[in-house]
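Numbering (the working numbering), first residue to last: 3 to 346.
Keep in mind that the hints are not guaranteed to be accurate.
[What the hints assert, rightly or not] SDA-like, lysine to any residue: derived pairs with alpha carbons at most 20 Å apart:
1. 152 - 140
2. 117 - 308
3. 180 - 132
4. 163 - 180
5. 113 - 321
6. 269 - 235
7. 152 - 271
8. 117 - 163
9. 264 - 248
10. 291 - 248
11. 180 - 308
12. 62 - 140
13. 227 - 204
14. 152 - 121
15. 152 - 66
16. 113 - 333
17. 332 - 176
18. 163 - 130
19. 332 - 321
20. 62 - 52
21. 264 - 334
22. 291 - 271
23. 163 - 58
[Claimed, not checked] Here are the computed distance ranges between Cβ atoms for each label pair:
24. 281 - 221: 42 to 50 Å
25. 158 - 246: 30 to 38 Å
26. 338 - 173: 13 to 21 Å
27. 320 - 163: 56 to 64 Å
28. 191 - 129: 22 to 30 Å
29. 344 - 158: 28 to 36 Å
30. 265 - 191: 49 to 57 Å
31. 324 - 229: 20 to 28 Å
Think of the hints as simulated: they come from the structure by calculation, not from any bench.
We treat Cβ as the ideally placed atom computed from N, Cα and C, and that holds for glycine.
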Amino acid sequence: MSLSARRLLLSFLASGLLAAPAVIFAQAAIPAPAPVSSAPVDDGLNLRFANGIAAVVETKVITVDDIRRELAPILPQIRRDSRNQQEFNQKLERVQDDIIRNLVDRALIVKEFRKDEKRQIPASYVDNALAEQLTTQFEGDRARFLAYLKSRGFTLRDYRKEVEEDIIYGYMRGQQRKSVNIVSPAKVEAYYAANQEKFHEEEQIHLRLIQLNRGQLTDAELLAKADEILAKLKGGEKFEDLAKQYTDDARKAKGGDWGWQKRADLKPEFSDPLFQLQAGQVSAPVVQKEGVYLLFAEERKSAGVPPIADVREQIETTLANQLTREAQEKWLERLRKGAYVRLY
């Protein structure tokens, strides 16, 4: 998969979900999506570009096949992320547009790199990149690698050139990132002052819990076990240590640590008793059909805007990324104006 294809794929990946015991965490109802057809996809490219050409950059022609090669690794993810055929078609067209723009920019960047004859990508860099792909993506199986190239319409020489251009693309974009000045403290403070709503946090509690699964136990037996744990807590033992000994959930090794939780993250039967606790307090046993829970409020955060020191690094990253995007867009715009580019 080329650099631009990987970038597009990452932009369509959904964020990871918290691996938590589903019984205590609130879940929004999600309507069942209309199925997306699993039949072979008509990507519409032949109709959209009847002559098979999507763009021309100087003397380089970007063809429908070029777009399909970039699209192929992304297509399954687009299909999985689409709730129905209409949404799939809309996403497909947007991705095609992104691919064309990336291919045009890539051609311009490579052209800019090659203007300076002293700049060369050592052959060893390309060799190492190919060797890494062969190992990580094809487990060292050269026959599989060559079959993959054939399926994408590449010769080994073609693919080697693409890998070299990937390296050039990454190098040139990296040089632009380096050119961005360090974000000044004044800019950080101004951003913080102007964007207070972005940093507002709801009340949160750092939750530890002990989950006692019912199994064949009665309520009385479970509550007796919970009382035993509470007695040990009163005797000075740490909740974290007791969780490592008693809890039946996936965070046993971490002392029942479920991190910072907002009220809305949890079902009411758990959030109500938890948010009545002060830091360092434990709830009464919470009895549910699947077992009994003890909830421990390790720390509390009040609702409000955190001090600038807590979010300074986040703001610096945001502003640096913004400056980088602006600088790179100006650079690319200059390259576009200085070259012949035709979109079909």
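Status of each hint after checking the structure:
1. 152 - 140: Between residue 152 and residue 140 the Cα gap is close to 14 Å, so the pair holds against 20 Å.
2. 117 - 308: 49 Å, violated
3. 180 - 132: Distance ~26 Å between residue 180 and residue 132 Cα, so the pair is violated.
4. 163 - 180: 26 Å, violated
5. 113 - 321: Not OK: residue 113 and residue 321 at ~29 Å, beyond 20 Å, violated.
6. 269 - 235: Not satisfied, since the Cα-Cα distance of roughly 25 Å exceeds 20 Å.
7. 152 - 271: The hint is violated at about 58 Å.
8. 117 - 163: 17 Å, holds
9. 264 - 248: Between residue 264 and residue 248 the Cα gap is close to 25 Å, so the pair fails against 20 Å, i.e. violated.
10. 291 - 248: With a Cα-Cα distance of about 18 Å, the restraint between residue 291 and residue 248 holds, given a limit of 20 Å.
11. 180 - 308: 30 Å, violated
12. 62 - 140: Given pair residue 62, residue 140 is violated - Cα atoms ~31 Å apart, limit 20 Å.
13. 227 - 204: Outside the cut-off at roughly 34 Å; violated.
14. 152 - 121: 31 Å, violated
15. 152 - 66: 17 Å, holds
16. 113 - 333: 13 Å, holds
17. 332 - 176: 15 Å, holds
18. 163 - 130: Measuring from Cα to Cα gives roughly 14 Å; hence the hint holds.
19. 332 - 321: 16 Å, holds
20. 62 - 52: With Cα atoms ~18 Å apart, residue 62 and residue 52 stay inside 20 Å; holds.
21. 264 - 334: 43 Å, violated
22. 291 - 271: Status holds; Cα separation ~12 Å.
23. 163 - 58: Judged against 20 Å, a Cα distance of about 19 Å means the pair holds.
24. 281 - 221: 42 to 50 Å: 30 Å, violated
25. 158 - 246: 30 to 38 Å: 54 Å, violated
26. 338 - 173: 13 to 21 Å: Cβ of residue 338 to Cβ of residue 173: about 20 Å, so the range 13 to 21 Å holds.
27. 320 - 163: 56 to 64 Å: Check failed, 37 Å falls outside 56 to 64 Å.
28. 191 - 129: 22 to 30 Å: 48 Å, violated
29. 344 - 158: 28 to 36 Å: 31 Å, holds
30. 265 - 191: 49 to 57 Å: Distance hint for residue 265, residue 191 is violated at roughly 31 Å.
31. 324 - 229: 20 to 28 Å: 55 Å, violated
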